[in-house]
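S.K.: My request is simple: use the sequences and hints to build the entire structure.
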Amino acid sequence: MKSMSRMAKAVLFVSFVATPTMALAAGTLDKIKETGKITIGHREASIPFSFLDQNQKPVGFANDICLTIAEAVKEHLKLDKLEVVLTPVTSATRIPLIANGTVDLECGSTTNNLERQKQAAFTNTHYLTANRFVAKKDSGLTTFEDLAGKTVASTSGTTNIVQLNNYNAEGKRGITIIPVKDHAEGFLMVETGRAAAFVMDDILLSGLVAGSRSPSDYALSEDALSKPEPYGIMLRRDDPEFKAVVDAATAKLYTSPDMQTLYAKWFLSPIPPRGLTLNVPLGEALAKAFANPSDSADPDSY
Amino acid sequence: MNYNWNWGVFWAPSPDGAGTYFDMLLAGLQWTIVTAICSWLIALCLGTVVGIARTTGSRWMLLAGNAYIELFRNIPLLVQLFLWYFVVPELLPVQLGNWVKQLTYGAFYTAVIGIGLYMSARVATQVTAGISALASGQRMAGLAMGLTKAQVYRYVLLPQGFRVILPPLTSEFLNTIKNTSVALTIGLAELTARARAMQEFTFQVFEAFITAAALYVALNIVVTLLMRYIERRMTVPGLVAGG
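Heads up: the protein sequence lines correspond to chains A and Z, in order. Here our numbering runs 102 ahead of the position in the first sequence, where the first position is 1. Here our numbering runs 45 ahead of the position in the second sequence, where the first position is 1.
If you're looking for bench data, these hints aren't it; they were derived computationally from the structure. For glycine and all other residues, C-beta sits at the position ideal for the given N, C-alpha and C. Worth double-checking, as some hints may not be accurate.
Which bits of chain A does chain Z cover? Going by a derived footprint, with three or more residues having C-beta under 8 Å, they are [what the hints assert, rightly or not]:
hint : segment
1    : 132 to 145
2    : 278 to 286
The calculated DSSO-like cross-link candidates involving lysine-lysine, where the alpha carbons are at most 30 Å apart (straight line), are [what the hints assert, rightly or not]:
hint : chain 1 : residue 1 : chain 2 : residue 2
3    : Z       : Lys223    : A       : Lys239
4    : A       : Lys183    : A       : Lys238
5    : A       : Lys274    : Z       : Lys194
6    : A       : Lys274    : A       : Lys252
7    : A       : Lys283    : Z       : Lys223
8    : A       : Lys183    : A       : Lys135
9    : A       : Lys367    : A       : Lys183
10   : A       : Lys183    : A       : Lys390
11   : Z       : Lys146    : A       : Lys252
12   : A       : Lys239    : A       : Lys220
13   : A       : Lys238    : A       : Lys135
14   : A       : Lys252    : A       : Lys220
15   : A       : Lys238    : Z       : Lys223
16   : A       : Lys159    : A       : Lys176
17   : A       : Lys283    : A       : Lys220
18   : Z       : Lys194    : A       : Lys283
M.R.: And the structure:
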């Protein structure tokens, strides 16, 4: 017990000493000005938001938005030259890398919610996605009601699998839920027949279907388990100056006609690496979110 | 570093509705323990058989044993689990394959078999080493006394050989526990998978992984102490191997 309390004291001491230092840490804008560098965190397979093309170069819808933000930061700081560094992040590394200053902007498909806002800030929403499932067309599964008694996969650690769990529990639907490691594996479960359906964000499902061997064999569910949830570009918390610049830059882009072109480029046209077309037209809610840029985490506000 | 430490998050209800985040990690720890024990039983049984086979003096048995060890030892565990989980069911007759795919605890069975076989190759080399470490006179004396080959193994070679390899076997058991974390790749919700899920929900990355690490260390210390106890109980006074 003695050593325990000593440890508790040590923890307390560290947290007292560490807190003021954190608050005093230089803002992101100062850091960018000083180093002449802005670091963008990208994903490797978040199609079409942030992924690697055939030359292993990060590209994507969110990537393009971040490049626009970098340009705006350059103008704001009146720099002649701003080097944009692209660093790969994963779902497990994005928080530490944002927190310790390695990455300034995380551009991918990160859901903005209140729980996460305790750890990071989000700029204006760049996409809205709902929780749906993909199944083989010949299985005849079209709504969540049809999943009763079936084996269904969903990616572990996502809000999607939680919603599926709740849906299953409250209606006693007898769905066997298999958690999978990542989206590619979830789709593989459906492809190989291990699961009848894969429950995930609809845009990610569209990406998986477009990239599959025979895209015409698969269909997305007609109904969704959730209201559309916002994706946002993530930045460090408690840095209002930087957030203001980023918010202004994204708001300017989203409300301009360029956004329609940018959307069409990634959602309605062939995209690398294999020239597939997602064919996901701009929905009403998202069009509204672009017209009135918002960083709200509340699905009801869209 | 601009990180919002929040150890209290462990007492917040987890979104899976089964309790707090701490409960979530504990449930993961249970899967880790069950998977490790089941895998270890397979590894011990098969490893012993293969290990003995390599010491019988039969050339064919030696070859078969070596082939077994090289097969399971030379392919990364991650690849083996993927082969067992995704490829093997496709090679089975369609109906049997579908039955396998629909098993409720498919990921668990696959992990137990996959990790068990992988570790059995490592146990086999230890068992062989343990038996080979004994003076050749032991075997000869046993046979000269009129014991059958099986009896020589049962009463002379194995009791001594296992005592020799108890310490390395402890390490292998600890490796088995740690290797269960690979099973998260086929969807087993063990400790590492739960820690990942927790950081995904809460963004409290460090709290989740530090706690998972502490739980692994605690579990492995318990196992080490247990094995030490067994080693002490098994010591035969005067036998070097018992040391």
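S.K.: If a hint holds in the structure, say so; if it doesn't, say that too.
M.R.: Hints, one by one, checked against the model:
| no. | hint | result |
| --- | --- | --- |
| 1 | 132 to 145 | violated (count 0) |
| 2 | 278 to 286 | holds (count 5) |
| 3 | Z:Lys223 - A:Lys239 | violated (41 Å) |
| 4 | A:Lys183 - A:Lys238 | violated (51 Å) |
| 5 | A:Lys274 - Z:Lys194 | violated (59 Å) |
| 6 | A:Lys274 - A:Lys252 | holds (12 Å) |
| 7 | A:Lys283 - Z:Lys223 | holds (18 Å) |
| 8 | A:Lys183 - A:Lys135 | holds (10 Å) |
| 9 | A:Lys367 - A:Lys183 | holds (27 Å) |
| 10 | A:Lys183 - A:Lys390 | violated (35 Å) |
| 11 | Z:Lys146 - A:Lys252 | holds (12 Å) |
| 12 | A:Lys239 - A:Lys220 | violated (41 Å) |
| 13 | A:Lys238 - A:Lys135 | violated (52 Å) |
| 14 | A:Lys252 - A:Lys220 | violated (37 Å) |
| 15 | A:Lys238 - Z:Lys223 | violated (37 Å) |
| 16 | A:Lys159 - A:Lys176 | holds (22 Å) |
| 17 | A:Lys283 - A:Lys220 | holds (25 Å) |
| 18 | Z:Lys194 - A:Lys283 | violated (49 Å) |
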